[in-house]
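For the protein sequence lines, the chains are F and B, in the order given. The first sequence stops at residue 332 when you use our numbering, and every number in between is there. The second sequence stops at residue 664 when you use our numbering, and every number in between is there.
Keep in mind that the hints are not guaranteed to be accurate.
[To be verified] Simulated coverage check for chain B against chain F, where a stretch passes if three residues somewhere in it have a Cβ under 8 Å from a Cβ of chain F: (1) 335–347; (2) 411–420; (3) 531–538; (4) 593–601.
[Said to hold, decoys possible] As a list, the in silico EDC-like pairs of lysine to aspartate or glutamate whose alpha-carbon atoms are at most 20 Å apart: (5) F:LYS65 / F:ASP97; (6) F:LYS75 / B:GLU351; (7) F:LYS121 / F:GLU201; (8) B:LYS424 / F:GLU320; (9) B:LYS487 / F:GLU202; (10) B:LYS487 / F:GLU154; (11) B:LYS424 / F:ASP189; (12) F:LYS92 / B:GLU652; (13) B:LYS407 / F:GLU113; (14) F:LYS92 / B:GLU445; (15) B:LYS365 / B:GLU445; (16) F:LYS53 / B:GLU486; (17) F:LYS29 / F:ASP144; (18) B:LYS424 / F:GLU201; (19) F:LYS33 / F:ASP97; (20) B:LYS424 / F:GLU3; (21) F:LYS75 / B:GLU335; (22) F:LYS92 / B:GLU533; (23) F:LYS324 / F:GLU154; (24) F:LYS34 / F:GLU161; (25) B:LYS385 / F:ASP208; (26) F:LYS29 / B:GLU486; (27) F:LYS155 / B:GLU445; (28) B:LYS407 / B:GLU371; (29) B:LYS407 / F:GLU249; (30) F:LYS92 / B:ASP373; (31) B:LYS385 / B:ASP373; (32) F:LYS34 / F:GLU113; (33) B:LYS361 / F:GLU320; (34) B:LYS424 / F:ASP208; (35) B:LYS424 / F:GLU161; (36) F:LYS92 / B:GLU335; (37) B:LYS463 / B:ASP575; (38) F:LYS131 / F:ASP144; (39) F:LYS92 / B:ASP604; (40) F:LYS155 / B:GLU335.
Worth flagging that the hints you see were computed from the coordinates, not collected in a lab. Beta carbons are placed, not taken as given, at the ideal position from N, Cα and C, and that holds for glycine.
2 protein chains.
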Amino acid sequence: MPEFRQNFITNEWVIVAPERAKRPDQFAKDREKKPKRLEHDASCPFCPGNEDKTPPATLTFGEGKNWQLRVVPNKFAAVNTALLPTRRSVGKFLSADGFGIAEVIVENPLHNEMLSTMPVKVVRDVLAAYKNRYAAISKNEHVDLITIFKNHGEKAGTSLEHPHSQIIATPIIPPHVRYLMQRALLYHDTYGVCPYCVMLEEELAQKDRIVFEGEYFIVFCHFASRTPFETRIVPRRHYSRFDGITDGELDELAVILRMMLRKLYVGLNDPDYNFMISSSPISEGDLHYDHWRLVIVPKLTTLAGFEIGSGIFINIMPPEDCAKFLREVNAD
Amino acid sequence: MPEFRQNFITNEWVIVAPERAKRPDQFAKDREKKPKRLEHDASCPFCPGNEDKTPPATLTFGEGKNWQLRVVPNKFAAVNTALLPTRRSVGKFLSADGFGIAEVIVENPLHNEMLSTMPVKVVRDVLAAYKNRYAAISKNEHVDLITIFKNHGEKAGTSLEHPHSQIIATPIIPPHVRYLMQRALLYHDTYGVCPYCVMLEEELAQKDRIVFEGEYFIVFCHFASRTPFETRIVPRRHYSRFDGITDGELDELAVILRMMLRKLYVGLNDPDYNFMISSSPISEGDLHYDHWRLVIVPKLTTLAGFEIGSGIFINIMPPEDCAKFLREVNAD
């Protein structure tokens with residue numbers, strides 16, 4: 001029976017329509033694992049030996065030619081550090097020069113590995129690089145929103161195979177983000193607690209959408225998930241900015257993120273996916289009503305006209321079934 | 333130089349980043365036109381002779397076996413007319429049974445034609461069927477939002493080849509739609525005019541994003557377009573509900589919609605696309621601050637982590653260039 005479900009934070013509705021569902025493993029059957037590529041590609045700008053094909057690194061782990069991870073400014077960035085975001089009228093419309101900071105985290109020297117197939121130490125380094133660059137970039141006086149994300153595979157919007165993630169910092173808080181924050185603020189005004197903390201407690205109480213309970217992090221497919229296997233990794237501790245993460249939390253997040261990506265790789269045959277870290281705007285410090293989170297969205301379905309027009313997503317796979325499947329996939 | 337641009341209605345920002353741009357015709361070069369299929373497919377539920385594979389039609393144009401267009405309930409609907417949308421608590425979360433009406437408009441008996449390759453009369457019939465079903469469905473006491481849309485091609489979310497569009501009616505106004513309406517209402521409260529009318533006038537005054545000026549409709553790629561070749565067809569006359577369209581307007585809309593889809597077919601080699609008709613909620617009648625519109629979104633780029641996380645779209649093709657290209661494509 002189809003069911004409308006409301007997102008606890010945004011009040012956005014999704015339709016969970018299991019009549020149209022595939023079994024979880026059918027999402028895997030539609031696809032073969034991508035062929036194994038070579039360890040090194042001489043034409044890849046992120047492979048060792050081609051360091052001069054990128055702008056100078058803003059952060060390097062490892063020594064000289066034996067680097068283990070590099071962060072470099074994005075050569076083909078959609079934003080530009082040389083501009084200023086002053087608003088300007090174009091008739092009745094509004095624009096601003098495209099100031100922003102865009103960096104690429106080259107996760108590893110190997111061209112053909114992925115976060116899901118690399119040792120935990122590599123994932124730990126990647127997360128530490130996120131924190132390091134987040135903290136450094138947040139010192140720029142014009143930066144307000146910092147988005148950390150990864151596009152894995154063509155359907156997720158990348159054509160570069162070498163494992164990498166990205167950071168884009170903008171001077172602008174878009175309505176998409178402000179709307180979420182205002183909903184959370186009103187909830188806090190009303191109930192005196194962070195709605196993300198409440199959502200986490202409620203998911204823990206209902207239990208059937210929980211994928212994993214760590215010491216510091218909970219993994220779940222939330223009640224009103226918009227797409228199959230959409231998964232959140234949320235810290236138990238309340239804090240709103242990603243760079244507040246402790247060393248112990250980084251250790252556990254590395255293990256959990258690798259495990260979740262590995263479950264997708266093994267259980268769904270290496271699907272394309274995006275993940276994003278949502279964190280509070282820089283100008284507002286640590287907020288009592290906001291709560292950072294990492295969201296993984298596998299690209300298994302297509303956005304169609306109904307979703308674009310109405311904003312209501314049709315999810316053919318109940319999050320309870322997704323969580324059960326993910327719990328049971330052996331990712332060792 | 334990259335530029336932030338703000339959507340006049342939603343205040344949402346996009347980054348127009350022409351440094352990363354392809355030339356418009358390169359979007360065509362990436363793709364070949366789909367191979368011509370057979371006129372009739374015995375296994376297609378929408379082809380003549382298979383009328384018993386769909387539920388009984390709610391509207392038919394033409395006589396008996398010589399039907400020209402059929403509207404049928406969607407056999408695999410994500411919503412169900414037998415339910416009621418009463419809200420129900422699931423712990424702290426909210427759900428409702430999935431009431432809704434979902435119909436498919438089978439646009440033509442021919443399996444292998446498209447709106448862009450069929451005569452204007454067929455497109456006129458399709459639009460008349462939209463109006464007829466919109467008006468009929470709006471009489472259902474539980475219906476509030478009616479979304480008319482078309483998914484053309486796999487990347488747009490359809491696997492059925494036979495030319496068809498869809499209507500989904502829901503009892504719920506989602507925040508996505510309400511937010512747009514509230515922005516428009518506040519604008520009207522402030523300036524005493526419909527913001528969509530103002531946007532139309534401003535686009536006409538700036539001129540370089542106008543694709544076509546008809547007697548009743550204007551076609552343009554708006555200032556803050558999120559994706560390349562996103563195109564709006566908007567009535568000059570102010571009214572907020574699609575079913576207020578007159579016969580003369582229907583005549584012109586058929587010519588214009590076919591022309592625009594033909595320009596995509598010819599100029600960009602038959603890209604996958606969605607189009608959606610956005611129209612006011614049923615329960616609120618005709619609104620002085622809302623304005624229906626038809627939006628065409630070709631699927632030429634991929635939603636990536638930055639867009640999902642921040643809500644800021646990066647558009648690599650300035651709408652001025654898209655409008656110029658579309659003006660110049662010969663679609664005769």
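Evaluation of the provided hints:
1. 335–347: Held - the stretch 335–347 of chain B has 10 residues with a Cβ nearer than 8 Å to chain F, which meets the minimum of three.
2. 411–420: holds (count 4)
3. 531–538: Our answer is that it holds, as 4 residues pass the Cβ test (under 8 Å) against chain F, meeting three.
4. 593–601: violated (count 0)
5. F:LYS65 / F:ASP97: Status violated; Cα separation ~37 Å.
6. F:LYS75 / B:GLU351: With a Cα-Cα distance of about 11 Å, the restraint between LYS75 of chain F and GLU351 of chain B holds, given a limit of 20 Å.
7. F:LYS121 / F:GLU201: Distance ~30 Å between LYS121 of chain F and GLU201 of chain F Cα, so the pair is violated.
8. B:LYS424 / F:GLU320: Roughly 16 Å between the alpha carbons, so the hint for LYS424 of chain B and GLU320 of chain F holds.
9. B:LYS487 / F:GLU202: Violated: LYS487 of chain B and GLU202 of chain F sit about 36 Å apart, past 20 Å.
10. B:LYS487 / F:GLU154: Within the cut-off at roughly 13 Å; holds.
11. B:LYS424 / F:ASP189: OK: LYS424 of chain B and ASP189 of chain F at ~17 Å, within 20 Å.
12. F:LYS92 / B:GLU652: Holds. LYS92 of chain F to GLU652 of chain B sits at ~16 Å (cutoff 20 Å).
13. B:LYS407 / F:GLU113: Distance ~44 Å between LYS407 of chain B and GLU113 of chain F Cα, so the pair is violated.
14. F:LYS92 / B:GLU445: violated (42 Å)
15. B:LYS365 / B:GLU445: holds (13 Å)
16. F:LYS53 / B:GLU486: violated (36 Å)
17. F:LYS29 / F:ASP144: violated (42 Å)
18. B:LYS424 / F:GLU201: OK: LYS424 of chain B and GLU201 of chain F at ~10 Å, within 20 Å.
19. F:LYS33 / F:ASP97: violated (42 Å)
20. B:LYS424 / F:GLU3: holds (16 Å)
21. F:LYS75 / B:GLU335: Since the Cα atoms of LYS75 of chain F and GLU335 of chain B sit roughly 17 Å apart, the hinted pair holds (cutoff 20 Å).
22. F:LYS92 / B:GLU533: Roughly 10 Å separates the two Cα atoms, so the pair holds.
23. F:LYS324 / F:GLU154: Not OK: LYS324 of chain F and GLU154 of chain F at ~27 Å, beyond 20 Å, violated.
24. F:LYS34 / F:GLU161: holds (11 Å)
25. B:LYS385 / F:ASP208: violated (38 Å)
26. F:LYS29 / B:GLU486: Since the Cα atoms of LYS29 of chain F and GLU486 of chain B sit roughly 18 Å apart, the hinted pair holds (cutoff 20 Å).
27. F:LYS155 / B:GLU445: violated (28 Å)
28. B:LYS407 / B:GLU371: Measuring from Cα to Cα gives roughly 23 Å; hence the hint is violated.
29. B:LYS407 / F:GLU249: Not satisfied, since the Cα-Cα distance of roughly 49 Å exceeds 20 Å.
30. F:LYS92 / B:ASP373: Distance of about 52 Å is beyond 20 Å: violated.
31. B:LYS385 / B:ASP373: holds (13 Å)
32. F:LYS34 / F:GLU113: holds (12 Å)
33. B:LYS361 / F:GLU320: violated (43 Å)
34. B:LYS424 / F:ASP208: holds (15 Å)
35. B:LYS424 / F:GLU161: violated (42 Å)
36. F:LYS92 / B:GLU335: Satisfied, since the Cα-Cα distance of roughly 16 Å is no more than 20 Å.
37. B:LYS463 / B:ASP575: The given pair, whose Cα atoms are some 5 Å apart, holds under the 20 Å limit.
38. F:LYS131 / F:ASP144: The hint holds at about 16 Å.
39. F:LYS92 / B:ASP604: Since the Cα atoms of LYS92 of chain F and ASP604 of chain B sit roughly 33 Å apart, the hinted pair is violated (cutoff 20 Å).
40. F:LYS155 / B:GLU335: violated (26 Å)
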